[in-house]
Amino acid sequence: MPTREIAGKTIDFDDENFMSDHTQWNEDVATELAKEEGIEQLNDRHLVVINFMRKEFEEKGTGPSIRRLTKQSGVPTKELYALFPGGPAKKAARIAGITKPQGCV
Amino acid sequence: MTAAEPVKKISIIVAHGGLDEVYPALIMANGARMEGIEASIFFTFFGLNAIMKKMVSKLKVATVGNAALNLAMPMMKFPITTPFPTLMGTLPGVSSMATWMMKQEMEKLDVPPVDEFLEMISDAGGEIYACKLAMEMFKLTEDDLIEQVQSVLTVGEFYEKSAGAQIIFT
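Chains as they are written, first to last, in this note's numbering: chain Y, 107 to 211; chain D, 34 to 203.
If you are wondering where the hints come from, they were derived from the structure by calculation, not from laboratory data. Every residue, glycine too, gets a C-beta built ideally from N, C-alpha and C. No false leads were slipped in.
If the Cβ cut is set under 10 Å, some of the chain Y residues that face chain D in the computed set are:
1. Pro-170
2. Ser-171
3. Pro-182
4. Lys-184
5. Gly-192
6. Gly-193
7. Pro-194
8. Ala-195
9. Lys-196
10. Val-211
Below are the DSS-like pairs computed for lysine-lysine, each with C-alpha atoms no more than 25 Å apart in a straight line:
11. D:Lys-91 x Y:Lys-177
12. Y:Lys-196 x D:Lys-141
13. Y:Lys-196 x D:Lys-41
14. Y:Lys-206 x Y:Lys-177
15. Y:Lys-141 x D:Lys-41
16. Y:Lys-177 x D:Lys-86
17. D:Lys-41 x Y:Lys-206
18. Y:Lys-177 x D:Lys-141
19. Y:Lys-184 x D:Lys-42
20. D:Lys-41 x Y:Lys-184
21. D:Lys-141 x Y:Lys-206
22. D:Lys-93 x D:Lys-165
23. D:Lys-93 x D:Lys-110
24. Y:Lys-184 x D:Lys-194
25. D:Lys-141 x Y:Lys-184
Starting from the given sequences, assemble the full structure and let the hints guide the process.
Spelled out as C-alpha cells, the structure:
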C-alpha cells in the first residue's frame, strides 16, 4: 500500500490513489490533494461538498450518489460540475479523503 | 505495452421508448459525465417518447414480447426461473404494475425518474438531441419536446457533433 507525505502527515493510499484511511485527513491535506487534482484553491463551496461526502462516508461506509449529494448538500448539479471539472464523483472523493465511490449514479 | 486510451466522448442513440429501454442509456450517459467523459444522447424513432413533455413521466415497461421478465420475479418473491407467459403480459394493469415496480427499485438505487434524470444529465453538461426525420414522421414540433433538448438534428449533423466519439446504439 503506497504511503506519501502530505501536509506534514504520513497518508496511506490505495492503488488508485484514494486515501485508504479517512481519519488521516484534515483540511491541509485536502488543500494539497486538491492541487494534485488541478484545483488550486478550495473555497467554501468545495468544502460544503467535501464535508457532506465525509459525513455520508462516516455514516454509510460509502460516498453519496451525485443525486443525493446535490439534493442534500444544496450544491446543484451545474455548480458541482463547475467546482470539480472533469469528473466530480472521483475528484471530490479523492480530495475528501474517502475511498473510491462504488455507485453507478 | 502502452496503456489503453481512455474513453473521452460517447454518443448514445436511443431508438426505443420503453422505460427499460431508456434508463440504461440515461445511466450510461450520466455515468460518463461523472467520469469527465463528454456525453450526448440522440433520441430517434420511438425513443422520442422519452423527451416529449407529455410522455416523459409516463414511460412503461413492456410486458408483451419480453422474454426475460423472469428476472423481475424475485421482486414478487417468486424464483428467478419462474416464466412469465406472454398472455399474462396482455392483461390490463400488468404493464403498469411492472412499471411501478421498476420505478420503486430505481428510486431505492437513487436513480431519478426520467424527467429529473434528463435534467441532471443536461445540467452535468450532457447534450440531448432529437432526430429530425423521426420528428417529421411522428408530426412532432420542438414545442412538444422538453426544454433540455438542445436541438433537432439531421443524421449528418448528429455525426458532425459526434466527431471523436464512440457511438453506441441502444
